[in-house]
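Q: One letter stands for each residue in the lines below.
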Amino acid sequence: MSTATSTAKPNTLNTVQAVNMALDEAMGLDPNVIVLGEDVADEQEGGIAGVTKGLSTKYGKSRVRSTPISEQAIIGAAIGAAIVGMRPVAEIMLMNFTTVCMDMIVNHAAKLRFMSGGQTHVPLTIRTMTGAGFGTGGQHSDYLEAWFAHTAGIKVVAPSCPADAYGLMLSCVFDDDPCLFIENMPAYWAPGAPPEKGVRIPLGKANIVRSGGDVTVIGYSRIVSDCIAVADKLAKEKIGVEVLDLRTVSPFDEEAILNSVGKTRRAVIVHEAVTPFGVGAEIATRINKALFGKLAAPVERVGASYCPVPFSKPLETAFVPSQAQIEAAVRTVLK
Amino acid sequence: MSTATSTAKPNTLNTVQAVNMALDEAMGLDPNVIVLGEDVADEQEGGIAGVTKGLSTKYGKSRVRSTPISEQAIIGAAIGAAIVGMRPVAEIMLMNFTTVCMDMIVNHAAKLRFMSGGQTHVPLTIRTMTGAGFGTGGQHSDYLEAWFAHTAGIKVVAPSCPADAYGLMLSCVFDDDPCLFIENMPAYWAPGAPPEKGVRIPLGKANIVRSGGDVTVIGYSRIVSDCIAVADKLAKEKIGVEVLDLRTVSPFDEEAILNSVGKTRRAVIVHEAVTPFGVGAEIATRINKALFGKLAAPVERVGASYCPVPFSKPLETAFVPSQAQIEAAVRTVLK
Amino acid sequence: MKSVYVDIYRRMTLIKQNDERFRAVIKLGRIISPYYPVRGQEAIPAAVSANLTNDDYICTIYRGVHDMLAKGVPMRALWAEIAGKATGTCKGKGGPMHVTHPATGVMVTTGIVGSSMPIANGLALAAQIRGEKRVAVAYFGDGASNIGAFHESLNMASLWKLPVLFVCQNNGYGEHTRYELATSAAKISDRAAGYQMAGVTVDGNDPLAVYAAAKEAVERARSGGGPTLIEARTFRFFGHLLGDADNYMKKGEKEAAMANDPVPKFRAWLIANGHATEADLAAMEAGIEKEIDAAVEFALSSPNPDVAELRRDVFAHELSA
Amino acid sequence: MKSVYVDIYRRMTLIKQNDERFRAVIKLGRIISPYYPVRGQEAIPAAVSANLTNDDYICTIYRGVHDMLAKGVPMRALWAEIAGKATGTCKGKGGPMHVTHPATGVMVTTGIVGSSMPIANGLALAAQIRGEKRVAVAYFGDGASNIGAFHESLNMASLWKLPVLFVCQNNGYGEHTRYELATSAAKISDRAAGYQMAGVTVDGNDPLAVYAAAKEAVERARSGGGPTLIEARTFRFFGHLLGDADNYMKKGEKEAAMANDPVPKFRAWLIANGHATEADLAAMEAGIEKEIDAAVEFALSSPNPDVAELRRDVFAHELSA
Ligand SMILES: Cc1ncc(C[n+]2csc(CCOP(=O)(O)OP(=O)(O)O)c2C)c(N)n1
Ligand SMILES: Cc1ncc(C[n+]2csc(CCOP(=O)(O)OP(=O)(O)O)c2C)c(N)n1
Ligand SMILES: [Mg+2]
Ligand SMILES: [Mg+2]
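Protein chains in written order, with the working numbering: chain B, 24 to 358; chain C, 24 to 358; chain D, 65 to 385; chain P, 65 to 385.
Derived list of chain D stretches under chain B, where covered just means 3 residues or more per stretch with a C-beta under 8 Å from a C-beta of chain B:
hint, segment
1, 145 to 158
2, 161 to 167
With beta-carbon atoms standing in for the labels, derived distance ranges:
hint, chain 1, residue 1, chain 2, residue 2, range
3, C, 357, D, 353, 56 to 66 Å
4, P, 244, C, 84, 37 to 47 Å
5, P, 96, B, 345, 15 to 25 Å
6, C, 347, B, 313, 16 to 26 Å
7, B, 234, C, 212, 56 to 66 Å
8, P, 286, C, 221, 32 to 42 Å
Since the hints were made in silico from the structure, they are not lab data. Note that the Cβ used here is the ideal one computed from N, Cα and C, for glycine as well.
Chain B extracted, bound-state conformation (with noise of 0.2 Å):
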């Protein structure tokens, strides 16, 4: 267990605590929640970056089980014991790795309740990590949130900080549905304000992080600390960014990012993943439709340059958004 998990409320947490506080919660609230994944057990040090550190000793290795690398296995077991009524977590190391067990969560996790007519369902939550800044190259950093948002079933969830993956990891545990619930690596050990305990975030609903009337910055996942850094800077030109985490990716509150953009009339979406057809395409073509002939700019996205993440430092910099980029595409709308 994490020393964070151990104090009542710390002063600050990050997200590896933040994530293992909502699992211990969980998994102490209810003995169906279970974790698989690669070295999750704490005999293999409670995962890569010590996520589930605890767990096992707390609950059990029966309850919380290191795999073999076998992707398709680790949430095929998850989906079998989920249409049971357990509430699965499983573990898929790196987000990329998704590439070896799509099946398994595209044509069983999100498919199952509606192939059934809603005789089974799947309360499975699978973590994942990712994020580009490490210098781990093409194949272990991409964000691919795009592909289950695409996929009917499934809800993707991508927290900004530490509190929100707490909230939100609680939230998913405890949902019906399956859940792809994203995190971000780099970002793993930045610190953040605690969470209320017990407190659980509802799915489906944006956060406004930043209040401001001229231009709403719509993101997720980590790059929303530098959407918030930018704003604060801008804001000191007296400048008003709204700043929307949307939290949960898909479906997303498309009411609150109408709300937003219909007062400030302009938009800028930003995300890590490659802009073409990525999940930035569906929210400014719903803002474009619903605020037709009253938006003041295009909206304008913000994503990674469309290739592989490269491997160089400076070409991994360049790959990532950047908030000079973000600043850049505020200052386009505010044209």
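Got chain B sorted already, so can you dock chains C, D and P with the ligands onto it with the hints?
A: Frame of chain B, contents of chains C, D and P with the ligands only:
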């Protein structure tokens, strides 16, 4: 060999015959062209729809190989052969089965050129079929092209008629990048005009299949024929519908789209994939941005319902976008 | 013991007669559905299921009506599902490749080759964690033994001693491809050794052999001894998909298999060995035939699902129109 | 024969000294890169590569600098790649997990567990179709023997008699998970039988044993006899990823392995058996050390790639800015 390929120039031709002709021609031209896939050799009847019929008899079982049901091994073998200069055409029987070999397609076929700094490349064509309408249900008929369009390094090609299938297939085989070639199964046997023998259709270029000045309908794959039907119907009401067949979904022909919509100021995008986070979102976003303030109406999208493909016939019919829906969308943007 | 044999025969007959009727009704166009015939493979699920209760789980595949019927899925709901009706097991939304019927333990039917296995592990895992005595059966074909999911599943099941049976119905073909061209093992059960798992090949047309192998495997699973790979050799009499021409088959192969039809053979054995009389069995068969009549009638006269079903069961909450 | 042994030792030394330097340079922060140490595993690729020419192909994995160096990848370009420089094998775009160097037959390096195998099949397939005598080697770890791609690849290679060697470097762990907890086979080579493939387990720290096994396998492959699964047992001295604490290891396990370091052991054997003198080897080692100095210097002083590289090599044509 299908009889079509042995006659000089048939009057009509279906897509099965057209792709067969293109493969036959490509194999004749270049000994590096090989064919791999489940049941593709003649001993196994040349593919479940007969698309590869005759090839193994003509070019030998070494170059045309029926494989085990091992999609990762199929694409892996094709990639390995491709990076040393062969031009494999690998069949993934149904598009949905890409879910069991996404790693090979996305992490290797699509990324090896970039990750190797241009030292190796993957001139691989993946043929795959899909499309609802035959009652094959939730796991056999979904359109997943948006996933691949969102992946840098792979082209996505989706012909709408036999002649295009022929000309685009030849281009894919001889293209130096990996191409995913999508064949619509329900339309396999629909007859069409025969192609010019030997003429390749360039990738990345759209085709204006109906000209009109009032609204642009953008589609690809089988449903283009429904778009045409709607255009022809509305022509009788003197509504000029320009139908743009993308042919290549990624990278798509933005110039042609903007030229057409720049003229008509109204656009409807049509595809068989589910609407949310689909290809239509990217096209709409680019139109909205480039033609901001110039459109007469919000861009409309017509796609499948947001759910897995249902089995029951009335549900399946309601799931797939209909001519009525396309027409309604056209009338909406004309309002 | 007598009752078990007769019970197996009852399940076989249920399968045989339903398959015959499915093919007939579909050929007549009264139901439009892709159909993967199961005639010839009756003995396998019939004999396996005789070792199972409703508490036990199965995961099966597109070619699965025999597995479902043997496990007890009610005929009417099954027929209605294949007819795509609102009264089907899955309200017509799943169809023949995705029948689910939790009450009889039919938890998943998948159209993806190999994918029954990873999920069966999960069913077994839940039973193991909860300390229940249930077992899970994964049915799959010979072709499926060459896909990655097979390997991952057997490895995990063996490591964790999951109460699961991997039942390979080796009918000699995967679609149009003959076993030897796709599968590098002389026997699929040879692969069990690579997982330190019990593995056995039996004559899948011999209900007694299948019954004995399944009994041993179920006992092993229930007592914590872990999984078993059972390869049951059989043949599909009507090709891959109803309507196929079967030109890829060896000459005479199908005819030979049909001449060795497991159903009449077992019937004769039951009578010859005094387990049942001709009259008993004829009555049973007639009873099943009547039930099928009723099921077909039920399916054909049932209403279609409402189009609003497209918005239901995507998530727990209904989508807005 | 003498020259082969010394040649193997040269390759081992190349690996050992480069690994030491990589770790040192990275720890000093002069290069920032994830690094998967290879110390302890030198004998395997050194002895395998002694059977290969530049025409032969390898596919390796994130833990692969030993495989690359043994196969002949020039040190400067390798170092520059790991430093992310424009002069690297891949212009710095691939990095340590994706080194490619076709001139020496290093065709693919992958970060995805198991994915070296399907692609090695394809390299072998091309050679087979073209009637070339090349062979392909797929390197992978013990953990990778549990993923689907392993199974599919071995089955296909055996069916098609592809000229490929599946070389499993069994170092007892996959990340933090011990072999027995992840792998249900007593020996990974036990799995070969399930594919009717030749399979052998050798002491991966014994260059002579690996050499003999690889020689037999390469001859089999070149002469059309098909693939071989070689399991070479070894140990990784510096954990999974440079910086790991290795707390998951059994007490004393690492120390015991290090005491059994294959490199000095083989060195002593060469001298004791008159294959080389102390002076010969010392000179070789010093030569390699100087080359490494030059490679490090080259890498550190090389320019970074231009940001325009993001638009290049995505497709054959350059993307517009
Ligand atoms: C992953 C995947 N690949 C291909 C297919 C297409 N397909 C459906 S059934 C089948 C043959 C399966 O053969 P086998 O496992 O022997 O089962 P059988 O049909 O003989 O019962 C194939 C290739 C599929 N459904 N899933
Ligand atoms: C498909 C996939 N799953 C998980 C990982 C994360 N991962 C990287 S290395 C590794 C361990 C591999 O162990 P092994 O095959 O024994 O090779 P070793 O690292 O010991 O050389 C894991 C799990 C990955 N890269 N790919
Ligand atoms: Mg079969
Ligand atoms: Mg290992």
